[in-house]
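Going line by line, the protein sequences match chains P and Y.
Yeah, the first sequence ends on 291 if you go by my numbering, and it's all consecutive.
Yeah, the second sequence ends on 291 if you go by my numbering, and it's all consecutive.
Keep in mind the hints are simulated off the structure, nothing from the lab.
Some hints could be false.
Copies of the same chain look alike in the list, so a pair counts if it fits in one copy or across any two.
[Unchecked claim] Distance condition first, Cα-Cα at most 20 Å in a straight line; then the derived SDA-like pairs of lysine to any residue:
{"hint": "1", "residue 1": "K290", "residue 2": "E59"}
{"hint": "2", "residue 1": "K280", "residue 2": "Q25"}
{"hint": "3", "residue 1": "K242", "residue 2": "D87"}
{"hint": "4", "residue 1": "K98", "residue 2": "K201"}
{"hint": "5", "residue 1": "K280", "residue 2": "V42"}
{"hint": "6", "residue 1": "K26", "residue 2": "P166"}
{"hint": "7", "residue 1": "K26", "residue 2": "L284"}
{"hint": "8", "residue 1": "K40", "residue 2": "E124"}
{"hint": "9", "residue 1": "K93", "residue 2": "A37"}
{"hint": "10", "residue 1": "K98", "residue 2": "P82"}
There are 2 protein chains.
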Amino acid sequence: MNNPYLDTIEQALFGCLPQGKHREQKLLDAMRYSLEAGGKRVRPMLTVAFCALCGGSVEAALPFACAVEMVHTYSLIHDDLPCMDDDDLRRGKPSNHKVFGEDTALLAGDALQTLAFEVLSGDEAAALAGDSACRRACSTLAKYAGCVGMAGGQMIDLLSENTQAPLEVLQELVSKKTACLIRAACELGCLAANADAAKLKAAAVYGEGIGMAFQIQDDILDCTSTDEELGKPVGSDAENQKSTFVSLLGIEKCRALVDSYTNQALSALDAFDGDTSMLKSYALALAQRKN
Amino acid sequence: MNNPYLDTIEQALFGCLPQGKHREQKLLDAMRYSLEAGGKRVRPMLTVAFCALCGGSVEAALPFACAVEMVHTYSLIHDDLPCMDDDDLRRGKPSNHKVFGEDTALLAGDALQTLAFEVLSGDEAAALAGDSACRRACSTLAKYAGCVGMAGGQMIDLLSENTQAPLEVLQELVSKKTACLIRAACELGCLAANADAAKLKAAAVYGEGIGMAFQIQDDILDCTSTDEELGKPVGSDAENQKSTFVSLLGIEKCRALVDSYTNQALSALDAFDGDTSMLKSYALALAQRKN
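Take these sequences, add in the hints, and give me the full structure.
In structure tokens:
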């Protein structure tokens with residue numbers, strides 16, 4: 001699963017942090033730590049790819065791509081805190097609060113969210129994509145990340161602990177907690193290219209499809225991998241007595257569901273005229289990933 | 001210290017929350033709890049007042065005003081968490097995490113920050129103030145709330161615990177932690193009215209002046225009030241061995257400093273043609289407040 005924009009994205013991402021020395025340096029170091037500990041940069045890659053597919057430039061997509069990755073990173077820092085999932089490891093490295101302390105990790109998450117909106121609405125972004133696109137991108141990202149989006153999904157997750165949530169609840173949980181931000185990444189790419197409403201809609205369908213497939217595949221891997229393959233402790237959901245797609249449906253039905261969501265994503269790409277081969281292989285690769 | 005826009009602001013503020021029942025209702029309830037527990041609504045009042053002073057409408061200012069108040073509210077929820085200041089009371093009521101638990105309080109703060117940017121960049125705000133004003137308001141609010149603004153100030157505060165920070169550090173801390181967001185409130189009012197750069201600059205100077213005066217007055221009240229007058233425990237900064245303006249300069253010099261910052265704010269109002277009487281009395285009332 002290759003990300004052709006990886007270096008470009010990471011360079012832009014790290015360049016968003018304030019340069020020079022500051023009295024609050026520890027906060028900037030904590031933000032940088034988690035930004036640098038990033039994984040495959042799936043979300044920003046999707047933003048750049050959809051922008052390119054709609055005829056926009058990589059440059060115009062980058063501020064939007066960075067913003068989505070920052071929101072994702074903030075959510076991981078806060079999810080790992082002791083009062084949430086209390087995870088000591090993230091992508092095989094000590095989680096933010098293990099390195100910087102809970103107070104700084106809390107602030108680092110807060111400030112990464114703020115920085116996302118700063119980058120998205122900044123003069124540089126506006127010079128490339130226009131005021132209207134930047135404004136709508138802020139609105140879209142906030143809607144998908146907020147109280148009836150990603151944060152709402154995390155709330156449903158907390159409320160579902162030790163309850164064996166039924167499938168309907170788990171689907172809403174995953175759609176909000178995971179798929180929402182992936183959908184935002186796809187839509188923001190279209191917005192950066194000032195694409196029309198039909199393309200925005202198709203990008204949303206693609207994002208929802210691969211987002212759901214991504215999480216169901218995660219549940220499958222949580223049951224079938226080793227710690228080493230996965231880069232994090234396996235079986236943690238089962239230990240926490242949480243419902244997962246696997247516990248509710250079994251592995252085989254989950255695999256079929258991954259395929260079905262992946263096909264939904266692939267069909268949505270028909271709405272675009274350009275070369276969709278990369279986004280097609282990406283959806284397929286996500287469905288077949290091992291970590 | 002009368003806020004003529006109080007009811008209008010609170011109606012708009014509570015109206016920003018998603019309506020109807022949601023599976024993540026607890027999160028929405030936690031957000032509403034802290035929004036409703038609000039105090040004097042100083043920041044949104046400033047936004048509306050500066051918009052009116054620049055010839056804009058109250059309606060155009062309201063989304064911007066609500067956004068600033070949401071960022072303020074999110075910061076209070078997170079500041080009160082056990083890993084930060086560990087405060088059980090806020091404005092005489094149990095703090096958010098005492099009512100909803102730490103995990104939900106963390107999320108409520110996160111989601112209030114997100115909602116701030118959603119409201120600021122939404123279609124309603126854009127219809128009233130225009131794409132460019134909304135985009136610039138997002139950028140301004142994010143800059144002042146972020147890692148070298150309000151969140152940076154909170155980091156400096158954490159780093160200064162038990163250190164008897166010198167005056168220079170305390171000034172930067174307060175300028176960032178407290179004055180930044182007040183400055184943002186004033187500037188956003190000008191942006192909502194599409195005011196020129198000279199007015200934006202003057203609003204920033206006013207905001208910085210009353211912001212600094214506000215915090216120094218807080219330090220004075222923390223030493224001279226009773227719990228009852230203040231609505232929160234007095235003397236907590238002294239107990240935590242933190243530097244305050246009073247511990248570094250003494251009460252009399254602090255009073256002079258409050259006057260000097262207040263005068264800076266009053267002079268800045270000369271840049272405006274309209275009726276500045278309300279903002280003048282506000283600056284004076286803040287400097288003389290008892291709680």
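With 20 Å as the alpha-carbon cut-off, assign the pair K290 and E59 to within, between, both or neither.
-> Neither way: K290 and E59 sit 31 Å apart in one copy and 53 Å across, limit 20 Å.
State whether the alpha carbon distance between K93 and A37 is at most 20 Å within one copy, between copies, both, or neither.
-> This pair counts as within: shortest intra-copy Cα distance 8 Å, inter-copy 40 Å.
Since the copies are identical, ignore which copy is meant and state whether K26 and P166 lie within 20 Å (CA to CA) inside a copy, between copies, both or neither.
-> For K26 and P166, the Cα distance is within 20 Å only across copies (19 Å; inside one copy 43 Å).
With 20 Å as the alpha-carbon cut-off, assign the pair K40 and E124 to within, between, both or neither.
-> neither (25 Å within a copy, 36 Å between copies)
Alpha-carbon proximity context of K280 and Q25, limit 20 Å | Neither: 42 Å inside a chain and 37 Å across chains, both beyond 20 Å.
Between copies, within a copy, both or neither: which fits K26 and L284 at Cα up to 20 Å?
-> neither (40 Å within a copy, 37 Å between copies)
Evaluate K280 and V42 at a C-alpha cut-off of 20 Å and name the case that applies: within, between, both or neither.
-> For K280 and V42, only the intra-copy Cα distance (14 Å) is at most 20 Å; the inter-copy one is 52 Å.
Evaluate K242 and D87 at a C-alpha cut-off of 20 Å and name the case that applies: within, between, both or neither.
-> within (16 Å within a copy, 32 Å between copies)
Between copies, within a copy, both or neither: which fits K98 and K201 at Cα up to 20 Å?
-> Classified as neither; 40 Å inside a copy, 42 Å across copies.
Please work out whether the CA atoms of K98 and P82 approach to 20 Å or closer within one copy, between two copies, in both situations, or in neither?
-> both (10 Å within a copy, 16 Å between copies)
In the structure shown, a violation is registered for the earlier hints numbered 1, 2, 4, 7, 8, in ascending order.
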